[in-house]
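Modelling step: build the complete structure from the supplied sequences, incorporating the hints.
Read left to right, the sequence shown gives residues 775 to 1019 (my numbering).
Keep in mind that the hints were calculated from the coordinates and are not lab data.
What you are looking at is a predicted structure, and each value in this text was computed from that prediction instead of being measured.
Accuracy of the hints is not assured; some may be wrong.
Cross-link-like lysine-lysine pairs, in silico, DSSO-like; alpha carbons within 27 Å at most [stated by the list, open to error]:
1. Lys947 <-> Lys1017
2. Lys947 <-> Lys884
3. Lys989 <-> Lys820
4. Lys820 <-> Lys917
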Amino acid sequence: MKKKQSIKIKNMIFFTHYKNDVRQVFRDPVMGILIFAPFLMIALFKIIFFFLPPFLISRLSFDISPFYQYILSGIIVMISGMMGIVTGFLMIDERDGNISELISVTPLGKSGYLINRLSFAALPSLVYSIAAILFLDFVSVPKLNIVIISILSSIYSAVIGLLIYSGADNKVKGLTFAKGLNSLSLFAFSDLFALAWLTIISWAFPPYWVTMVIKNPQSTPVALIAIAIHLVWLLTLIFRYLKSR
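And the structure:
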């Protein structure tokens, strides 16, 4: 009976926290824009890719289709980045207001708080990633790979959020730090430079493996390595977060 009551209290705190997060996001102009920016970005790319490829072929005799996989990967990584910034900003706000400290001593606990916080942006990241692949529809991606890519996107959004939280004292610094973290997305395009040393370095970073999963839809080893790399980053940052508190 007590166990059921404890679970009920945890769930109540969890969803109450979610409601407060939604209010907080809409009160903050930056977070309010970021939470809907992926939707606008997907719509914009749909319009661009309706007109751009025919224009490039007719006017410049340039076929952009060989780069579609890289473009899709870049979009997925950008979605993760934007959702990650929302996570990082929320956590910074709650740290400044000592809210995270208060929640950590409730039945939700530190781990429950972290799950709540990371899932708030990870879930939209998953939905946006699936929407991007299906709606843009300029790359053929098997259903299983859509699931894998969307999960990778969710994990990467949590990674970005934790990196921002751990690397910035406030939201002003957080925004600057987030701009720097955007440079990680360049690893999604490292193969285009045909530099062996750059590719080897890219192996350690999640964006590279999003591209690899898109380019190698039938490769189980690639999918497993991609998941492993993402989880190494996530678990390392979670361990660092829990240890620092």
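Now the hints, each set against the structure:
1. Lys947 <-> Lys1017: holds (23 Å)
2. Lys947 <-> Lys884: holds (25 Å)
3. Lys989 <-> Lys820: holds (20 Å)
4. Lys820 <-> Lys917: holds (20 Å)
When the structure is compared with the earlier hints, no violation turns up for any of them.
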